[in-house]
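Engineer: Okay, here's what each chain looks like letter by letter:
Number of protein chains: 4
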Amino acid sequence: MSNTVVVYHSGYGHTQRMAEAIAEGAGGALYAIDSDGNLSDDGWAALDAADAIIFGSPTYMGGPSWQFKKFADTSSKAWFTNKWQDKVFGGFTNSASLNGDKLNTLEYFVLLAGQHGGLWVSLGIKPANVKASKRDHANRMGSYIAPMAQSDADAAPSEMSAGDLETALLYGARVAGVAQRFASTQVA
Amino acid sequence: MSNTVVVYHSGYGHTQRMAEAIAEGAGGALYAIDSDGNLSDDGWAALDAADAIIFGSPTYMGGPSWQFKKFADTSSKAWFTNKWQDKVFGGFTNSASLNGDKLNTLEYFVLLAGQHGGLWVSLGIKPANVKASKRDHANRMGSYIAPMAQSDADAAPSEMSAGDLETALLYGARVAGVAQRFASTQVA
Amino acid sequence: MSNTVVVYHSGYGHTQRMAEAIAEGAGGALYAIDSDGNLSDDGWAALDAADAIIFGSPTYMGGPSWQFKKFADTSSKAWFTNKWQDKVFGGFTNSASLNGDKLNTLEYFVLLAGQHGGLWVSLGIKPANVKASKRDHANRMGSYIAPMAQSDADAAPSEMSAGDLETALLYGARVAGVAQRFASTQVA
Amino acid sequence: MSNTVVVYHSGYGHTQRMAEAIAEGAGGALYAIDSDGNLSDDGWAALDAADAIIFGSPTYMGGPSWQFKKFADTSSKAWFTNKWQDKVFGGFTNSASLNGDKLNTLEYFVLLAGQHGGLWVSLGIKPANVKASKRDHANRMGSYIAPMAQSDADAAPSEMSAGDLETALLYGARVAGVAQRFASTQVA
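Residue numbers (our numbering), protein chains in the order written: chain A, 3 to 190; chain B, 3 to 190; chain C, 3 to 190; chain D, 3 to 190.
Simulated from the structure, these hints should not be mistaken for lab results.
The beta-carbon is built from N, C-alpha and C at its ideal position, and this holds for glycine as well.
A portion of the hints provided could be inaccurate.
[To be verified] Simulated pairs of lysine-lysine, DSSO-like, Cα-Cα distance not exceeding 27 Å:
(1) A:Lys-133 x D:Lys-85
(2) A:Lys-136 x B:Lys-133
(3) C:Lys-133 x D:Lys-136
(4) B:Lys-79 x A:Lys-133
(5) B:Lys-79 x C:Lys-79
(6) A:Lys-136 x D:Lys-136
(7) D:Lys-79 x A:Lys-133
[Claimed, not checked] One-sided excerpt, in silico: chain D residues whose CB lies under 10 Å from chain A:
(8) Leu-113
(9) Val-123
(10) Leu-171
(11) Leu-172
(12) Ala-175
[What the hints assert, rightly or not] Pair by pair, the computed Cβ-Cβ distance ranges are:
(13) A:Phe-82 x C:Ser-42: 41 to 51 Å
(14) D:Glu-26 x B:Asp-38: 46 to 56 Å
(15) D:Phe-82 x C:Ala-155: 38 to 48 Å
(16) A:Glu-26 x B:Asn-84: 53 to 63 Å
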């Protein structure tokens, strides 16, 4: 089995629900970045030991939350010593608008994975974009490099789209599968 | 009155319908890039004389169509002589998926405007992103830097979202208004 | 005269020196975001009253610093009430590498300005990119949407490129000039 | 051995020289997109059969050349049938300016790989960004998600930076190595 870790910040619970679906799909561990942008020592240790790291954040004001960015800036310690080099990476985001600059958050996760010298796993699910497409279809958001969820500004986490959560579950499994194939070829 | 020109490529007619709504809002002229990526001499002359230029293209394979990009590459002639410096710029795009990397197409338009030394006009309409939001509301796509439209892969141009077209109309008027204010302060 | 405000975070002083050059060019005020990501009440009031806002941050781990992002997230209060709608915006960044994902930081500033319904001012200076180009030439970085500076990881702020600082000065003047033309057409 | 294919467009020979270095590092095949944006049938067949695909284009007017984009749009045929799903992808670009929006071209390659459901391989070489750094050092450009080269506007391909070419060579070997590890775990 590969060792996949989901590290995320959630403001109101929607991104957390998405994180849980991804961790379930990946059979992996979940570590939350707190409201001050801090991650526990256990969390950092888990990331250092992981085969795959999946980043999660809401999209606020066109990008990842500042709490996630504080985590990213703190990861410069791992960067200096190449601790995360060649790991497998993925990411996900949620926001209230259908678009809402969510792509920018996902592209930032790709850049962060690139800073660490990693491999990025795309979503790999065709978009549901015909007249018959429904809110509970996988990849109804039509994203490509990683999964997106959309939750109305006045909707509780319990009201999230079943399609968005299914997409998250499938992506978690996909990233873990890539990491598994990759880990099996590590030089002993 | 300001002189606004909409220059666009459309593959199947959806982007053209959006272009028409924008031109109507702007009280401006429309020039189409053809299926070989060429623009008429009249089109180039109109762009050189414009106060504001609005770029339009479908999003294909994650970015503007190659026909639009051929137009952009050909605009290097205007670039060399700073012909479009300080003009007002805007843009728009349509694709089949809700997201579908449309943000990347709009960001490319910002970069192209930047290459030409221009000013960029954002959409300026708050997103419709609550439970009561409907397909015919302005900015139901939740875009910010410029308008997006989404048309199902099996939907004709006649079936486009009324909200997306209203958004386009409002944006055309907004860009022309900015250009008008700006043009009125030109040194004689 | 237009009222231009430069709001920035600087970690080690390089971005601050760039901010000072921009404020000098703009004849504008400077407000620093502190090491906890906070801005003074005077700073927020100055931004609300400004004709033009210029964002500045180092590029850390592929994007703006978390302190800048905390400021951006806090600006959601102004977003809710459209306080910054139709203002003129610009931005700038510094990092140790020639590229170092600096473009992503500038693109984020464009997205943030877009979230607020603003107008973006590009750099408007042709790149110095021939064999005879030198480190003290304006826009030696070859940036377009806004100015970039590059400072070696082991170089003090006092060792910054004269070309980068000249670029910043010219950009400050450009943004203030655009804001001035724009402000002169405000409806009384 | 993995089967790596480099597919690129070059306008004036600089991107071609970079492509040759990458193919040498990868031990892979090279296919050029012609000046009309077309690729030979042999080229398309090689891409379909490849373990890894590496995209190359100059950065023109802030993005990949229209010839590369025509190739990308034509790859929608492979997209419809998921032919390139789960392949390993990489990319590279050259332009005259130090920055020159090259990051946008590389980010487009990531999006295109994402559209095809692929895995992206980052550069994995720390930037040379201290006072002692020289033009012939690997990753002197300070790029992360993939290699960049910079060639002065008045410099021939023979005058390209030795550091940029070394970077390209190392990246080719890296992508091929990832593809090799990945291919070795294919279900028989």
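Engineer: Please write out, lowest number first, the hints stated earlier that are contradicted by the structure.
Structural biologist: Per hint list: 4, 5, 6, 10, 11, 12, 13 and 14 violated.
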